[in-house]
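This is what each chain is made of:
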Amino acid sequence: MTRFVRPTLLRRLVPAVVVAAAVAAPMAMRADMIPHLRLKASFPAKDTTLTTAPADVKLWLSEPADMATSKIAVKSAAGADVATAKITRGVRSDDPLVAKFTTPPGDGKYTVTWKAMSEDGHVVEGTYGFTVKLAK
Amino acid sequence: MIELTAVAKVLLFTGAAVAVGEAMLPPRVCACCRTPRGRSLVRTGAVVALLLAPLLWLQAQRAALELPWADVSALLNGGWGRNWTKLLAACLVTAAALPRRFGKFSSPVLWAGVVALAIAIGGLGHANAGDFVIASRAIDAIHVLTMGAWIGSLVLAIADGPSDDIVARWRRMSAIATIAAPLAVVTGVMSSLRLLGASTPRAVIASPYGQMLLAKTVLVLCILTLGALQRRNVHAVGVPSSRAVRLEVMLAAVVMLLTAVLTGSEPPE
Numbered sequence: 002m003t004r005f006v007r008p009t010l011l012r013r014l015v016p017a018v019v020v021a022a023a024v025a026a027p028m029a030m031r032a033d034m035i036p037h038l039r040l041k042a043s044f045p046a047k048d049t050t051l052t053t054a055p056a057d058v059k060l061w062l063s064e065p066a067d068m069a070t071s072k073i074a075v076k077s078a079a080g081a082d083v084a085t086a087k088i089t090r091g092v093r094s095d096d097p098l099v100a101k102f103t104t105p106p107g108d109g110k111y112t113v114t115w116k117a118m119s120e121d122g123h124v125v126e127g128t129y130g131f132t133v134k135l136a137k
Numbered sequence: 002m003i004e005l006t007a008v009a010k011v012l013l014f015t016g017a018a019v020a021v022g023e024a025m026l027p028p029r030v031c032a033c034c035r036t037p038r039g040r041s042l043v044r045t046g047a048v049v050a051l052l053l054a055p056l057l058w059l060q061a062q063r064a065a066l067e068l069p070w071a072d073v074s075a076l077l078n079g080g081w082g083r084n085w086t087k088l089l090a091a092c093l094v095t096a097a098a099l100p101r102r103f104g105k106f107s108s109p110v111l112w113a114g115v116v117a118l119a120i121a122i123g124g125l126g127h128a129n130a131g132d133f134v135i136a137s138r139a140i141d142a143i144h145v146l147t148m149g150a151w152i153g154s155l156v157l158a159i160a161d162g163p164s165d166d167i168v169a170r171w172r173r174m175s176a177i178a179t180i181a182a183p184l185a186v187v188t189g190v191m192s193s194l195r196l197l198g199a200s201t202p203r204a205v206i207a208s209p210y211g212q213m214l215l216a217k218t219v220l221v222l223c224i225l226t227l228g229a230l231q232r233r234n235v236h237a238v239g240v241p242s243s244r245a246v247r248l249e250v251m252l253a254a255v256v257m258l259l260t261a262v263l264t265g266s267e268p269p270e
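Line by line, the protein sequences give chains U and E.
2 is the number of the first residue of the first sequence in our numbering; add one for each residue after it.
2 is the number of the first residue of the second sequence in our numbering; add one for each residue after it.
In isolation and in its complexed conformation, chain E is listed as follows (with noise of 0.2 Å):
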């Protein structure tokens, strides 16, 4: 059974990857254009999930530590409390600046809010135990950033969908995933060196947490591979093939919740 934690996750990290998707593409703005029916759609969801996941993470932890409503400024007061509270303030940012309500201030305070995000998020992980917590929380937050601005706006570019300047905005969806795409896998390695690299690779191997490790490389391989033919397409022909895109998409939905489960796992000593 998935827990609830990692229910939370999920939404925390889809919310984030369409925020950053949404800071890296956004939407064209022009008095003869409205934003596309899809994306306004994907912009509600990932609203209500940020809105969600910080309170579905509260209630979780909560629940584990068994600890009353009552009594729950205990838990907020803690260092777990507080860095919970820095994630909720980045989430509501976020899902205040998602809309682009603000005129001109949309961008920057889209902006401020996921990067906010971003760190918040390994405030509440391995990051921020052990040693090196600056660096690690560092490459957490730049994991976060990079993998929501390939996945976020892969996400936003399908949803925009047909258009006349949709060329344009797949070669620019393409040249942030080129960016985004290496610099996600890098940080995601530096993060699992972290945690593994004291380990033998049998330990590793013979963990669950190392078991769905690999099965998240691999999936990620088989995205990347996706990605990297689709962007051929890109420059070939000027848009990618939408069944290939919309797995691309479904793949990362599972490496997403794989992630979920793993970050709530201790790697094996």
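Extracted from the complex, chain U is given alone in its bound form (with noise of 0.2 Å):
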């Protein structure tokens, strides 16, 4: 009778995973080789009071965002949307996302809500707070 699996079939298998665990390994030690999605830094900071009134708001993410869908929404403390521009970036991977205040916001406390989404489709998303209080 034929016999459709050769004992040796197993064996051949062997350089298989040879050569597979020496691609792994160096993939394996490389600290930071899958990047997550966060937010690094902010302008407005988190929870920071500005003594004049912002231009914009500027994201720096850890990794490069798809822009065409990224967001930025500002609203005041009473929940009435502050309008920004079209959100725009520099040359480079690593610049912010920027959207630039159409009019700059007066005295009051605003939430900044952010989106983006990263190369392997992971949405992420994060609010934070600023206050604005105009030196008299």
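Since the hints were made in silico from the structure, they are not lab data.
For each residue, glycine too, the CB sits at the ideal point set by N, CA and C.
Any given hint could be a false lead.
As the list claims (entries may be wrong) - Below, a list of computed lysine-lysine pairs in the BS3-like style, where the Cα atoms sit at most 30 Å apart: (1) U/K59 to U/K76; (2) U/K72 to U/K87; (3) E/K105 to U/K116; (4) U/K87 to E/K105; (5) U/K137 to U/K116; (6) U/K72 to E/K87; (7) U/K72 to U/K110; (8) U/K41 to U/K72; (9) U/K101 to U/K59.
Unchecked claim - Here are some of the chain U residues that sit facing chain E, going by a computed Cβ distance under 10 Å: (10) L38; (11) R39; (12) M68; (13) A69; (14) K72; (15) E120; (16) D121; (17) G122; (18) V124; (19) T128.
Said to hold, decoys possible - Listed next, with one range per pair, are the computed distances between beta-carbon atoms: (20) E/A204 to U/L135: 25 to 33 Å; (21) U/W61 to E/P69: 26 to 34 Å; (22) E/T201 to U/K76: 34 to 42 Å; (23) E/A90 to U/L135: 49 to 57 Å; (24) U/A42 to E/R102: 40 to 48 Å.
Reconstruct the complex from the two isolated chains, following the hints.
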């Protein structure tokens, strides 16, 4: 009777396993290999009080985000939307996402809500607040 | 609650597995025999799954980004969207070839579809981020193909039911699984090492990602044990225990569900 699996078959897989381990080892040793999309820094920074009206909101992300689908929204303490222009970014991939205010915000507390998609499709979002208290 | 993305991925993985199984374990073609009813039903289910999966995935991504349908072109023109379009094309080719209506071209078209599908799946997951993208996507593609060859051919061997060539069919399935299962395990371990190699074991186990991966590993070991026992049966008496192979398929379904959730979650930092 024909045997479909020869006894040597499993032994032939050993080189494949060795090659796989050789490829996997350097991949496993790189600590920064899988980036996680995170907010590294922002302007205005979280929970800060500004004495001059900010011209824009800037978000520094830990990896490039998809520009077309990224969102930055600013709301006042009363929940009203604060108008911003379309998000832009500099030429470098680590430049911040920038949403310019169409009218600089006055005194009050504001909430920034952002959303961005990483290269592998993960959608990450966050919220933080800042206060504007203009110097008289 | 299971997310829509996970549902889309389960459908995609199931459709891909059946399509690879169909390519590896083609039906007997002769003038006197028809395609078994069970295989026809499984094929139809796979076609529906392959057509639905990309659409559900797009809907889930659009909803996560809170994009109205009018702005969906912004999503499709980005990197994710381009990879999704490739996935859609691969799904369409595979779904069209699965019923084997292209005569002698059916097998080559099906093979082209499943290889494209395996490559496209990697473009929408962890393999597409970070360093070693080409190597990671190649590993992911091999993982999808070998997993499909193993589980897909098992599902089709069960679906074919009794026939006069049942012994030969199970022996062929066993031969496919003997090569595909170890390769699927090796490529799965490689992908996991890439994602978790930089984390401490404690951080891995403490994270939801690590816990799900651990559960998946245990289930895969159970399937491997069952498969090894049934391989002995196939070579001794010609056919495996039907209860054991059904249990294998059920466990594989749970593994696919876990994989769908895993691929949508972030590994520990």
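Cross-check of the supplied hints:
1. Distance restraint check for U/K59 and U/K76: the Cα-Cα separation of roughly 15 Å lies within the 30 Å cut-off, and the hinted pair is therefore satisfied.
2. Under the criterion of a C-alpha separation no larger than 30 Å, the hint pairing U/K72 with U/K87 is consistent with the structure, at around 9 Å.
3. Between E/K105 and U/K116 the alpha-carbon distance is near 50 Å, which puts this suggested pair outside the 30 Å criterion.
4. Distance restraint check for U/K87 and E/K105: the Cα-Cα separation of roughly 54 Å exceeds the 30 Å cut-off, and the hinted pair is therefore not satisfied.
5. Among the hinted pairs, U/K137 with U/K116 is inconsistent with the structure: their alpha-carbon atoms are about 35 Å apart, more than 30 Å.
6. A threshold of 30 Å between alpha carbons decides the hint, and for U/K72 with E/K87 the separation of about 26 Å falls inside it, so the pair holds.
7. A hinted pair counts as satisfied when its Cα atoms are at most 30 Å apart, and U/K72 with U/K110 qualifies at roughly 20 Å.
8. Note on U/K41 and U/K72: the hinted pairing holds, with a Cα-Cα distance of about 16 Å set against a maximum of 30 Å.
9. In summary, the hint linking U/K101 to U/K59 is supported, as the alpha carbons are separated by about 9 Å, within the 30 Å threshold.
10. A least Cβ separation of about 9 Å between U/L38 and chain E falls short of the 10 Å threshold, and the interface hint therefore holds.
11. Satisfaction of the interface hint for U/R39 is found here, the shortest Cβ-Cβ separation to chain E being roughly 9 Å, below the 10 Å cut-off.
12. Here the hint on U/M68 is kept, as its CB sits about 8 Å from the closest CB of chain E, short of 10 Å.
13. Evaluation of the U/A69 hint against chain E yields a held restraint, the C-beta minimum of about 4 Å falling below 10 Å.
14. With 10 Å as the threshold, the beta carbon of U/K72 comes within range of chain E, its nearest partner Cβ sitting at about 7 Å, so the hint holds.
15. For U/E120, the suggested interface contact is upheld, since its CB lies about 5 Å from the closest CB of chain E, less than 10 Å.
16. Taken as an interface hint, U/D121 checks out: its beta carbon lies about 4 Å from the nearest beta carbon of chain E, inside 10 Å.
17. Of the supplied interface hints, the one on U/G122 holds, with its beta-carbon coming within about 5 Å of a beta-carbon of chain E, less than 10 Å.
18. With a cut of 10 Å, the hint placing U/V124 at the interface with chain E holds, because the nearest CB-to-CB distance is about 4 Å.
19. The beta carbon of U/T128 comes no nearer than 14 Å to any beta carbon in chain E, farther than 10 Å, and the hint placing it at the interface is violated.
20. In this structure the supplied range 25 to 33 Å is violated for E/A204 paired with U/L135, their Cβ-Cβ distance being about 45 Å.
21. A hinted range of 26 to 34 Å holds for the C-beta pair U/W61 and E/P69, which are about 28 Å apart.
22. Distance hint for E/T201 and U/K76: a CB-CB separation of about 40 Å, consistent with the stated range 34 to 42 Å.
23. Taken as a hint, the range 49 to 57 Å holds for the pair E/A90 and U/L135, whose Cβ atoms sit roughly 55 Å apart.
24. Remark: the range hint 40 to 48 Å for U/A42 to E/R102 is contradicted by a beta-carbon distance near 57 Å.
Comparing the model with each numbered hint stated earlier shows that hints 3, 4, 5, 19, 20, 24 do not hold.
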